[in-house]
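Note that the protein sequences, when read in sequence, are chains X and Z.
Residue numbering for the first sequence follows the working numbering, starting at 353 and increasing by one per position.
Residue numbering for the second sequence follows the working numbering, starting at -14 and increasing by one per position.
I should point out that these hints are in silico values taken from the structure, not numbers from a laboratory.
Being a predicted model, the structure only gives us computed values, none of them experimental.
Heads up, some of the hints might be wrong.
[Said to hold, decoys possible] Each pair of labels, with its calculated beta carbon distance range:
{"no.": "1", "chain 1": "X", "residue 1": "A421", "chain 2": "Z", "residue 2": "K338", "range": "35 to 43 Å"}
{"no.": "2", "chain 1": "X", "residue 1": "D397", "chain 2": "Z", "residue 2": "T277", "range": "32 to 40 Å"}
{"no.": "3", "chain 1": "Z", "residue 1": "A311", "chain 2": "X", "residue 2": "S358", "range": "20 to 28 Å"}
{"no.": "4", "chain 1": "X", "residue 1": "K357", "chain 2": "Z", "residue 2": "E259", "range": "52 to 60 Å"}
{"no.": "5", "chain 1": "X", "residue 1": "E377", "chain 2": "Z", "residue 2": "K245", "range": "53 to 61 Å"}
{"no.": "6", "chain 1": "X", "residue 1": "N431", "chain 2": "Z", "residue 2": "S308", "range": "15 to 23 Å"}
{"no.": "7", "chain 1": "X", "residue 1": "A421", "chain 2": "Z", "residue 2": "L468", "range": "50 to 58 Å"}
Even for Gly, the Cβ is constructed at its ideal location relative to N, Cα and C.
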Amino acid sequence: MKISKSEVEKIAHLARLEIEDDRKEKMVEQLGNILQYIDKLKDADVDGVSLSPGAAMMNNVFREDIPEASPGPSVTLANAPERDDDFYVVPRIVK
Amino acid sequence: MEYHELTIGSALDRLTRHEISSFELTSAFLARIEKYEGRIGAFITMDRDGALYQAKKADQDIAGGRISALTGIPIALKDILCTKGIRTTCGSQILENFIPQYDGTAVSKLKEEGAVILGKTNLDEFAMGSSTENSSFKVTKNPWNQEYVPGGSSGGSAAAVAARFCSAALGTDTGGSIRQPASHCGVVGIKPTYGRVSRFGLVSYASSLDQIGPITRDVRDSAILLNVISGHDKLDSTSARVDVPDFTKALDLFEKGSLKGMKAGIPKEYLSAEGIDPEVEKVFNHAKQLLTDLGVEMREISLPHTEYVVAAYYIIAPCEASSNLARYDGVKYGFRDRSSKDLIEMYKKTKSKGFGLEVQRRIIIGTYALSAGYYDAYYGRATKVRTLITEDFSKAFETCDFILSPVAPAPAFKIGEKTDDPLTMYLTDIFTLSANMAGIPGISVPAGYSSKGLPIGIQMMARKFDEMALLRAGYGFERNIGLSQKFPDL
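With these hints in hand, go ahead and build the complete structure from the sequences.
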């Protein structure tokens, strides 16, 4: 299946990506080729086949919920690109 | 014998007999890296001081009789495994300055057994690629010929082992990322059964497919490393509660009974696959004959859904990736674009500047395939095909102990040859993707060379949790293949 430029723009927005204009055409073409190849899947006979459980291939895994000491904000926030004491700083959310 | 020529097995023997020290061994690798790394580009980050400190500590332990499974052995780690206090980039600008606050479980197990961590190796960004050309930092070169790729995504680890910059390395394999670079660099690589090794502290790409494994100079070393890193971990609920055997015992099985009684399946669909290089076919046929001579019974098997493997994989992996990589939002860690005024713009600019093009491509494919109206046609269908692929293998293993195949359809390609055409690159993963889709283990063992002198490996795949079969057959094969040159001259 070919994908249009506007579809790529819409999907990019959903994924919070911004594709530069000079790269857009090539990206649309490459994605189109990949999706066209993937269309092969339509030929597979999957009637009555169950969904692969993937990672959850075994039984549900339970463990005791035992609280452990937190490493504390100085460790937890050590990699924050911007912080104010024990808080992450983000750009304004409410307009 | 020079220090850098020692396998883990032989270095351990000499360390425990006090013939060499870990400090000497570690220093020898560091000197070799200093001399040749400029030509190969295997590492993103070195930890020279840390390594020498750990080596001295190992020597004290050995002097005090405290000898563990890897005491004093220098090891390199793919830079997607979290290392406490050492930068872990995933080959991405977005994590260029990320310093983990903890060790991944595989890493802490290595450390508990006394290993010396030399540094972090190059990879395709977030392990997405088959050539290590997608790294944001450098292109790793194949030690056998520096015009060629080392394979990927664990290309830095495979190149480091082949160049003898370390005793061994850890890589990760989501669709062949241990086995294919091992094949291209002439070293041994194992993708263990899904769940055999804890993924805690492995930065996620496609969680239902990712697995950590050893890249080593020989099969024995892979068994030694697998012994250390395997086992259930309460920090990874998908790690299996399955007993871990002593994998080095597989080698004794060969010594005692050669490979007699083992049955190997040859998938007819693989050898009729398009684009298989005649040189790969030649090496494969030679390998088949050698295994037959060692007592393996060969039989044709069928994996009828092989033609759908690449398509299904390149839906499932990008879908999982699009979800896993959503966390890089410029808030909690990693790169943030500081020019943005509002939150959505900040997310967009952060991700677009922080991720490379292949990562962005896969995020878009995954987001598209999971979006309303397309889910059933893509993700739903791909997971059903995955069930069929898994059933193909279960059926095949009713009649054989392992499946023999090439690792990649061709030897390593030239740097830059496929970078413009992602689909062509994806298609080179045809023989390795299935093991991840079915969750089974696979090994790549050196088997020969191309006319240009590039290594070519063979792959064996076994039933879930039967790494022993792979190690036994791989070891027997390695002992008898008689390769003219095991390592490249740098």
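Hints and how they fare:
{"no.": "1", "hint": "A421/X <-> K338/Z: 35 to 43 Å", "result": "holds, 37 Å"}
{"no.": "2", "hint": "D397/X <-> T277/Z: 32 to 40 Å", "result": "holds, 35 Å"}
{"no.": "3", "hint": "A311/Z <-> S358/X: 20 to 28 Å", "result": "holds, 23 Å"}
{"no.": "4", "hint": "K357/X <-> E259/Z: 52 to 60 Å", "result": "violated, 31 Å"}
{"no.": "5", "hint": "E377/X <-> K245/Z: 53 to 61 Å", "result": "holds, 60 Å"}
{"no.": "6", "hint": "N431/X <-> S308/Z: 15 to 23 Å", "result": "holds, 21 Å"}
{"no.": "7", "hint": "A421/X <-> L468/Z: 50 to 58 Å", "result": "holds, 53 Å"}
Taken one by one, the earlier hints fail for this structure only at number 4.
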